[in-house]
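From first to last, the protein sequence lines are chains E and V. The numbers in full-length UniProt numbering rise by one with no breaks, and the one at position 130 of the first sequence is 130. The numbers in full-length UniProt numbering rise by one with no breaks, and the one at position 397 of the second sequence is 397.
Note that these hints are calculated values from the structure, not bench results. Keep in mind that the hints are not guaranteed to be accurate.
Unchecked claim - Keeping only pairs whose Cα atoms sit at most 25 angstroms apart, straight-line, the calculated BS3-like set for lysine-lysine is:
hint, chain 1, residue 1, chain 2, residue 2
1, E, Lys-146, V, Lys-681
2, V, Lys-154, V, Lys-200
3, V, Lys-89, V, Lys-79
4, E, Lys-154, E, Lys-17
5, E, Lys-681, V, Lys-89
6, E, Lys-199, E, Lys-146
7, V, Lys-681, E, Lys-707
8, E, Lys-681, V, Lys-146
9, E, Lys-707, E, Lys-17
10, E, Lys-681, V, Lys-681
This is what each chain is made of:
2 protein chains.
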Amino acid sequence: MSDIVRSRPKEIPHNEKLLSLKFESLDYDNSENQLFLEEERRMSHMGFRCLEITRWVICGLIGFLTGLIACMIDIAVEKLAGYKYLAVKQNIEKYTELGGLSISLILWAVLNSAFVMLGSLAVAFLEPIAAGSGIPQIKCFLNGVKIPRVVRLKTLVIKVFGVICSVAGGLAVGKEGPMIHSGAVVAAGVSQGRSTSLKKDFKIFEYFRRDTEKRDFVSAGAAAGVSAAFGAPVGGVLFSLEEGASFWNQLLTWRIFFASMVSTFTLNFFLSIYHGKPGQLSSPGLINFGRFDSDVSSVFIVFRGVLGALFNIINYWLTIFRIRYIHRPCLQVMEAMLVAAVTATVSFAMIYFSNDCQPLGQDNTEEYPLQLFCADGEYNSMATAFFNTPERSVRSLFHNPPGTYNPVTLGVFTLAYFALAVWTYGLTVSAGVFIPSLLIGAAWGRLFGILLSFIASSQSIWADPGKYALIGAAAQLGGIVRMTLSLTVILVEATGNVTYGFPIMLVLMTAKIVGDYFIEGLYDVHIKLQSVPFLHWDAPPTSHWLTAREVMSSPVTCFNRVEKVGRIVDVLSNTSTNHNGFPVVSDTTENDEPGKICGLILRSQLIVLLKHKVFVERASSRLSQRKLQLKDFRDAYPRFPPIQSIHVSQDERECMMDLTEFMNPTPYTVPQETSLPRVFKLFRALGLRHLVVVDNENRVVGLVTRKDLARYHVGKDGLEELHLAQT
Amino acid sequence: MSDIVRSRPKEIPHNEKLLSLKFESLDYDNSENQLFLEEERRMSHMGFRCLEITRWVICGLIGFLTGLIACMIDIAVEKLAGYKYLAVKQNIEKYTELGGLSISLILWAVLNSAFVMLGSLAVAFLEPIAAGSGIPQIKCFLNGVKIPRVVRLKTLVIKVFGVICSVAGGLAVGKEGPMIHSGAVVAAGVSQGRSTSLKKDFKIFEYFRRDTEKRDFVSAGAAAGVSAAFGAPVGGVLFSLEEGASFWNQLLTWRIFFASMVSTFTLNFFLSIYHGKPGQLSSPGLINFGRFDSDVSSVFIVFRGVLGALFNIINYWLTIFRIRYIHRPCLQVMEAMLVAAVTATVSFAMIYFSNDCQPLGQDNTEEYPLQLFCADGEYNSMATAFFNTPERSVRSLFHNPPGTYNPVTLGVFTLAYFALAVWTYGLTVSAGVFIPSLLIGAAWGRLFGILLSFIASSQSIWADPGKYALIGAAAQLGGIVRMTLSLTVILVEATGNVTYGFPIMLVLMTAKIVGDYFIEGLYDVHIKLQSVPFLHWDAPPTSHWLTAREVMSSPVTCFNRVEKVGRIVDVLSNTSTNHNGFPVVSDTTENDEPGKICGLILRSQLIVLLKHKVFVERASSRLSQRKLQLKDFRDAYPRFPPIQSIHVSQDERECMMDLTEFMNPTPYTVPQETSLPRVFKLFRALGLRHLVVVDNENRVVGLVTRKDLARYHVGKDGLEELHLAQT
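Hey, can you work out the whole structure from these sequences and the hints?
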C-alpha cells in the first residue's frame, strides 16, 4: 500500500480525515448513447448468446491462467526456499561442532536480505503499486475507484516476482494475498483481448472494453485467485461478493464460480504432475492445511479478537510513520532488507536459546529438522516453527501430535512472530498477511490448548491442541481482516472438514464484534489511510438530515447539445476543476438560467470526439466527415489521452460539435429534496459515477459524485464530514 | 402450488403465455415522506444502534424458533412413521406364515391414506397456500410479488401439520422444502411483533412494519429454514441470496448468517437431548447423510441432467392437467389419498415380487428389516428402499457396503419411485421435492456405479457405489431445481466432506446446462404456470428496441397536492383500473396538460388517510383536526382495509385532502426515451413498485410497474410479449 502513498506530496501530513481528490471513479453504468443502442439493436438473439458463451470462455481462461500462475509461484518458492534452508542447515550442522555459529547467522541473514532486496528493488523502483497484498486495491477497484496502474501486465509481473522473493527471503508473509491481485490482473487483461503495455491488440473481446464488463471479469479473477490460493472455490465466490459486488446477479455468480473451479482444478492438475502423482489432485490450493478428520463438535471456546485489533492498531501507527518518514524508494528497500535480516536474526536467536528438544518421530512433517544442540535422534522444536516456510509451520501447529511443543517455546514464538508480522505488513514488498495471521493465531491457539489440557487433563476431548490451533488461527485472521462469511467457507474448504464450520463461524463472529469495537479491519484501515473515496454499503444512518441540495457539487459546468469546440477545449483544459462528467442541456443558454437536462457526456467521450475532430463546419451544417463508431471509443479505452495531447487549431475552435449522438440521453436524475440515504442507495446500487440533481423544471442544479457521498461518515460524535484535499 | 391455482376462475384454460393481474407487488423502496423523514431525523445515533441490535435479536429469535419447529417436525414424523412401520411389519410377519398378505397390503394402504387424508383435508379446506414445498411462493415473495396469505400464522400451522401427515403417510416427499417456508413465516411473524390472526399486538418492533424491513427478515427466515433442514448454515445464506436478494448488503448477510447458525444449533441441541445424548450435537440438520470419509478425488464422471428435465416436463403436463380438471378441494383430497394408496401398493408389490435377499449384517442401518420370504438371517433388500422414510433410504444408498443391492432391484425401484415422485409433486399436501429427487438420483447413481464396477472390476477406485449414489443424487436434484452455488454448498455441508465439492459442482453445472436446454427448473415452471409477474435478473438481451414510452402504462391517474376527497374515493373505488400508486402533480389541472410531478402516493396511504378522515375543511383552510403519525400507517400494515369498508359522507366528499405530508416527494423517475434494460435495472436493483415516466418538462406521462416489465421474455423466436389477463 505504500505505493499509493509514494505518489503523494510528502510535505502534507497524512490524515485519515481527508478525502483525496486524486482518485477517479469507474463507471459501472453503461452510457446508453445512440451508438450503443444502435449496436445493441443490430445484434440478434444469436449474437447475445454467442456473447454469453464468450463470457464463459473468458472466465475459463481467467481461471486457467490464474491457476498456472499460482502453480508457478508455488514451485518457485518451494525450490528457492529449499535451496536456502538446505544451505543454512548444512552450514549450521557444520558449525555446531566447530563453534562459530555466528557465521551461520550471517549466512542466513545475508541470504534472506538478498532475496528481499531483489523483490523490494523491483517493487520500489519499477511498480510501487505491486507492494502489499493488493487486496485493498482490488476492493477499491470493485467498489468503483480507479486506482492507477493496478490491473496492468507490468504490475502482475512485478507482483509475481516480488512475492516469490519475499517468501523465499523468509519474511513473515504469505503468498496467498497476492494471488487475489494476480487473478484480478489476469482477468482485466484477458477480458480486454489486448495488452496496452505490449502494444498488442488481438482484436477480440472488443465488446467487453468498458468498465461495466471489466468489473464483472475482475470479480471472477479475484475469486479465481482466492480459489487457487486456498483451494476454496466457493470461498472465492463469496470473497468476491462480500468484498466487491453490490448488485448480485445469478448468471454472473455462476460465471465467477466457474472461473474459481477451473482455477483450483488447474493448480491441482499441474501441481500433481510436478509432484509426480498425476491425476491424484491432492493439492487443491497453495496452502493445504491437511485434513482434519476427528470430531470436534464440542469445542466452543470462543476466542477474542483483541489480538487482531492490536495488530491493526500497531500497524496503523506504523503505516502513518512510514507515510511520514519512509517515502523514498531506496529507504524503503533498505527497510525491507533490514526486516529480512532482523527476521533471520530473531529466528536464529530463538532457535539458539531454546532448549526444547523433541524426539524425531517417523510421522513428523518437518522437512528440515535441525538437531543443533539436541541429542542424536532429537530435533529442536523451535526450529520447526522458524526454520520453515510459514505454510509448513501452520500445518505443523495444526497436526503435530500433542506434546510436540513446549508451552514456553510457543509463547515466545507467538510474541516474536507477532512483532515481526506487524512490522512486515506494509513494507515495499509483495506479500500477504493471511498466512502470518494464521500462524500467530495457530501458535497461541495451540498454546491455549496446551494450558487447558493441563487444567482439565482428565477429559480426553481437550486432548488435541491442534484443534485449538485451528480455532486460534481463525480468530486471529478474523480479527485482522474482519471477513466472516467468506472466511468461514475458505477455512472450512481449506481444512476439508465441515464439522469445524460451526466453531469457526462463532469465533469469526466474535472476533469481528470485539475487533470492531477497537478499530476497523486492516484493509479498511489502509484504504482510509490512503484517503480513498470508498463507498460503504449504506449511507450513515443519521444522515437523513442531509438532502441532495447540500451534498451536491454546484454550480455545474454544462454543455449545449451543439457546443463550440473552443469552449469544450477550454473547459477540459481547466485544471482547477478537472471535471469528468458534464450534463448536456437543451439549447437555451442565452439567459442565465440553467438549461433543461437532456443528457450527460463524459470527459473521455469528449476527448475521443476532439481527437477524431468530429466537428460540424459552420457552413455545411451538421454533416461530419466520417461517422464515429463505438469502436473508436473502445480502442481508446481505458487509457484516454489527456487533453493536452490533442491539438486544436484556432480555426477549429470556432467549429461546433454535435453531442447528441454521443451523450447518454437518459442519465439518472434526482430532485433536490432527495435525502442522502436515498441518493446513496441509488448511486451505490447502480454503480454510478455521476448523478444529476435537477429542480422542478428538470433544470440542472448540481451533480453528485462519489466524493460527495464518501465524505460523510459516522464518527464518535455522530455524523462527520471529511475534508476534500488535492493530495 | 395448486393453491394459487384454485382461486382462479376455472373456465379459463390455463396458459403460461399469460401474466396475471391478480398479483400485487411489494414495495421494497421506502416511501420517504415527511413523516418518515421526521422520525428518522429525530432518532439519535444511539437509536440507530439500538435498532441494529434489535435486528440481531430478531434474527436470533427467528433462528431459534425455526430450529424448534424443525425439531418438532422431525420428532413427530419419526414417532408416527415408527408406529406405522411397526404395525405393518408385525402384520406382514404374521401373515407371511399364514398366507393372506393382501390384508397387510390393505392395512398399509389404509394407514397411509388416513395420514395423507388428514394432511390433505387441512391443506385443501383450511389453507390451500400451504400446499407444496412453498419454495416458489417464497421466491416470489423475495422477488417482490405479494402472494396472499403466504406468511400468515395459520399457513404455518397447517404447513407443519400437513408435512407431518404426508411424510408419515409414506408419500414420496420430503420434509425439507416446507422448512424453508416455515422459516419465512416465522420471520415475517416475529419481526412484526404481533399476530394479526391472533389479534395480538406486542407493541414491539413497530419500526419494522414495512415491506423493506420485512423482506430482509424473511430472507433470514428462509436461510434459517434451509439451515435447519440440511444442517447447512452457509448453504442457507447462499440459498437466500441466490433465490431472493437482488441488492447484496454485507450487514444483512451477516444477520442472515447469524439466523442460520442459531437455527442449526437449536435443532442440534434439542435433537441431541431427545436422542439422549445432550451436548453431542451430532444432528446438524433434518437430513443427515452420514459422514463420507474416504477420498473420491478421481470420480469425474459427469452425469447428465436429462432425467431431471424429464421430471420437470412430466410434472409440467401433470400440473396443467390438475389446473384444468382437479380444482375442487374434495377432488384434491381424493387424489392425494389415491396417491398414498398407490404408493403403498406399488411398494408392496415391489417388495413382494423381488427375490433379492441379503444377509442381515451387524452394520446395516436398517431399522425395520423385513424378512418376508427370505431365509432366516436374511432380509429383503427392496424393502430397505421402500419400507422406510425417504431420508433413511437415501442414507442407505449412500453408505451401505458394495453388494447390498441387486442392480435389477435398483433399476425397478428407480423407475417406480420416479413415477411416484412426479405424480406426488403438486398434490394438495405440504411436502418438498428435495428428498425424492435425492432418492431417485441416489438409486440410479448407485445402479450406474454397480454397472461400472462390473466393467472395470480391476480398479479398486471404482469399488464404492455409494459415491456414485451421491453424485447421482446431486445430478438429479440439480436437474430438477437448477440451483448451483447454494446446492453445492448445501450438499457439501450435508455430507460433511469438502473433497466431494468439486465433483458435485461439475455435476450440478452440467445438470443445469443440459436441463436448461429442455425446460426451466421445477420452481420456475410452477411460477410461470401461475402467471406470476416474476422479475428475472436481467431484462431480455434483445430488448434494447423498447423504451419506457412503449413499456409504460398510460394515461396515469394523478392527484393534485390538495385533492378533493370525492375524487379520491371515486378513483380508489373504480374496480376497472384498481391502481395502487398515484403520482401527485403540482396544482395546474385546469388545462388538459398533465401536471409536473411532485410526489407519489400509494393506495394504502390514501386508505389510511380516508379512514382517519384527515380532511381540510373548506372553511378553515389547511388545519386538520389531529396530526396523523407514522404509527397509524404501521398499525394498518400489511392488511389495509378495502375502500368499500370506508364510509365517506356526501359532505365529506366535498372536503379537500392535503397529500403533501404523506406522499413520497422524491419518487424515482425516468425520461421516456430510457431503454427497457435501463428501466429494468433501476427497477430491479432498487426493488421498486412504481416508476414514474416523465417528459422533458417533468410532466407525468406514464407509470411503469412490475407487470409492464415482467411481460417481456425471450421465447423461441426472440422477444415475446405475454398477455395480461384478469385471472
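Next item on the list: Could you tell me which of the numbered hints above are not met by this structure, giving the numbers in increasing order?
Entry: Numbers 4 and 5, in rising order.
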